[in-house]
Amino acid sequence: MGLMDVLLIVIPSSLLFAAPLIFTALGGNFSERAGVVNIGLEGLMVMGAFSSIVFNLTFADSLGAWTPWISLLVAMVVGAVFSILHAVASITFRADQTVSGVAINLLAAGLAMFLVKLIYDGKGQTGTIRYSFKKIDIPVLKDIPVIGDLFFSNTYWTSYLAIIVAIIAWYVMYKTPFGLRLRSVGEHPMAADTMGINVTKMRYIAVILSGAFGGIGGGVFAQSITNDFTHATISGQGFMALAALIFGKWNPLGAMGAAIFFGFAQSLSIVGSSLPFLENIPNVYLLIAPYVLTIIALTGFIGRADAPKASGVPYIKGSR
Amino acid sequence: MSNTIKKISIPIISVLLGVIVGTIIMFATGYNPGDAYTALWNGAFGEIYFTGEVVRQITPLILAGLAVAFAFRTGLFNIGVEGQLIVGWLAAVWVGIAFDLPKIIHLPLAVLAAAAAGALWAFVPGFLKARFRVHEVIVSIMMNYIALHVSNYLIRNVLTDKADRTETIPPSASLRSEFLASITDYSRLHWGILIAVGCAILMWVILEKTVKGYELKAVGFNQKASQYAGMNVNRNIILSMVISGAFAGLAGAMEGLGTFEYVSNKGGFTGVGFDGIAVALLGANGPLGIVLAACLFGFLKVGALNMPLEAGVPNEMVDIIIALIVFFVASSYMIRLFLDRLSKNKSKKGEK
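From first to last, the protein sequence lines are chains A and B.
FYI, this note's numbering numbers position 90 of the first sequence as 90, with every residue one higher than the one before it.
FYI, this note's numbering numbers position 40 of the second sequence as 40, with every residue one higher than the one before it.
FYI, nobody ran anything at the bench for these hints, they're computed from the structure.
Note that the structure is a prediction, hence the values are computed from the model and not measured.
C-beta: ideal position from N, C-alpha, C; glycine also.
Take these hints with a grain of salt, some might be off.
Derived pair list, reagent style DSS-like, types lysine-lysine, alpha-carbon separation capped at 27 Å [to be verified]:
#: 1; chain 1: B; residue 1: LYS6; chain 2: A; residue 2: LYS317
#: 2; chain 1: A; residue 1: LYS317; chain 2: B; residue 2: LYS209
#: 3; chain 1: B; residue 1: LYS7; chain 2: B; residue 2: LYS209
Which chain B residues face chain A? A few, computed with CB under 10 Å, are given here [said to hold, decoys possible]:
#: 4; residue: GLY213
#: 5; residue: CYS295
#: 6; residue: ASP319
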């Protein structure tokens with residue numbers, strides 16, 4: 001097996017695993033940049049995965065090939081609505097944001113399984129969806145020699161959508177007035193408030209955006225990787241997205257890069273045993289790599305990662 | 001309204017609100033809440049066997065709650081209890097199957113190994129917080145996943161030969177007791193409950209009766225003031241995490257030496273560590289409150305298993321209620337505001 005063959009396996013599967021991480025990490029990025037820590041990304045992904053699969057199964061007959069995309073929109077809406085709970089608790093009720101995030105995770109896991117059992121007569125898992133995101137060759141681009149084979153054939157639309165959305169998110173966050181306001185609310189809410197920015201409103205928007213993106217992340221994961229929903233469908237992807245966000249230093253493009261790298265590690269841990277050189281390395285190293293690297297990044301060995309200053313602190317008007 | 005009453009009423013109101021919303025959800029989804037709660041009660045107290053299982057479930061919940069609360073008192077959020085529990089579980093069973101010793105040495109050794117493993121796992125976020133000011137929440141989340149994957153790897157490749165679970169530990173390392181099993185119709189109840197209650201008392205003694213405990217709490221209230229008063233803030237941060245991790249490791253020992261008597265490959269987390277956050281919150285981070293909260297959650301968790309059988313209600317209903325309780329406790333600002341208004345109205349009426 002030559003290098004080219006290895007890359008032909010590894011690159012598409014890295015991008016496949018990266019897509020849900022990119023979406024979810026972008027969601028976390030909006031929320032944390034506005035000063036609201038979101039440990040609940042995992043739970044938001046659970047709700048996205050659950051709602052997309054249920055919608056997909058229910059409407060597959062009438063919607064045909066478009067089903068996964070419309071299901072993805074449903075996942076987005078469900079994620080956004082669900083995240084309002086986190087927003088209300090952590091912004092209006094001044095709850096500890098980490099605790100509220102934990103509650104989101106507990107609630108999502110319980111609620112999704114409860115509803116699955118309600119809808120499917122007590123069964124603990126859904127059926128397998130018929131219309132999932134399919135492997136495609138991107139027209140025109142796939143004809144480019146070498147690069148076309150490596151990056152543009154046997155791949156998924158969702159991976160490219162994720163990368164494009166990451167670039168848009170970066171533009172929004174760093175090049176628009178909205179992005180400036182969002183970041184200022186997370187760095188110094190009092191200063192932002194005196195400049196006439198509505199801190200509460202900005203934070204609500206940011207958290208709801210994180211819910212929408214988290215929902216999409218879950219929907220992409222469920223509809224391209226697992227193709228059904230059980231209690232184990234989302235097991236740690238939300239936290240890995242959080243790790244990607246931090247490893248990417250709270251920057252959309254950085255988060256995207258980190259997510260692709262983590263996707264690479266995840267895909268290696270799965271296909272690694274069939275590859276030369278890697279078959280003798282225990283895959284535990286690949287499994288823990290994203291987490292170890294994040295800890296190292298935080299301690300400053302790979303350039304220090306600093307969180308937005310006001311993240312985790314509820315804003316109370318008039319207090320210093 | 002006095003502060004003590006307010007302190008007690010917040011968790012009680014939160015539990016009531018959680019149950020009320022849970023009931024509404026059951027009505028909305030067409031289940032019968034009355035049947036569900038009857039099944040819940042019967043599943044916990046209907047037979048002595050179930051009650052034994054409730055106490056068995058309370059044991060790790062107390063320890064996980066103590067772990068979260070101990071760190072909280074020093075101003076740290078140990079969300080890594082889950083990972084510390086997993087390494088504690090692994091260490092306890094490892095010592096259990098690796099040595100052949102008399103019970104008087106073997107059992108304490110296995111229990112201490114669990115505490116040491118948990119403490120070591122919590123040392124990492126504590127040290128990084130103290131030395132590099134890295135947020136302990138993120139590091140402990142990452143440590144959870146590292147614990148999960150590393151323990152799975154060790155079970156498959158070191159403790160066994162590609163098997164999914166280890167052999168059962170010998171009786172010399174087990175917390176199980178013939179006596180406790182026989183009085184509860186052969187449930188998995190074990191002596192660990194004594195360790196758990198002992199740790200709750202230990203936490204009270206450390207925090208309320210020792211100088212070190214005073215320092216730990218002072219650091220939790222105000223790091224700068226503690227530093228100014230001559231306390232070593234960094235050392236207290238690390239110590240708090242280490243003690244917290246030791247409690248979490250003991251929770252793992254309860255599962256490894258008592259409930260299961262082996263350790264198996266895990267597809268995901270046990271959930272006990274995250275439930276510990278709920279227990280600590282509801283128990284207001286005090287030892288007595290934690291024991292009471294653990295009793296409530298132990299009752300709910302075990303009783304829930306009967307709900308699908310007797311009432312046809314999915315047992316996840318209880319997870320929803322627990323999550324709602326966490327929400328309401330976390331949002332206690334609202335409840336406090338409401339109570340303040342209530343007491344103000346009363347005092348106005350009194351003036352008239």
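Cross-check of the supplied hints:
no. : hint                 : result
1   : B/LYS6 to A/LYS317   : holds (25 Å)
2   : A/LYS317 to B/LYS209 : violated (39 Å)
3   : B/LYS7 to B/LYS209   : holds (22 Å)
4   : GLY213               : violated (23 Å)
5   : CYS295               : violated (19 Å)
6   : ASP319               : holds (3 Å)
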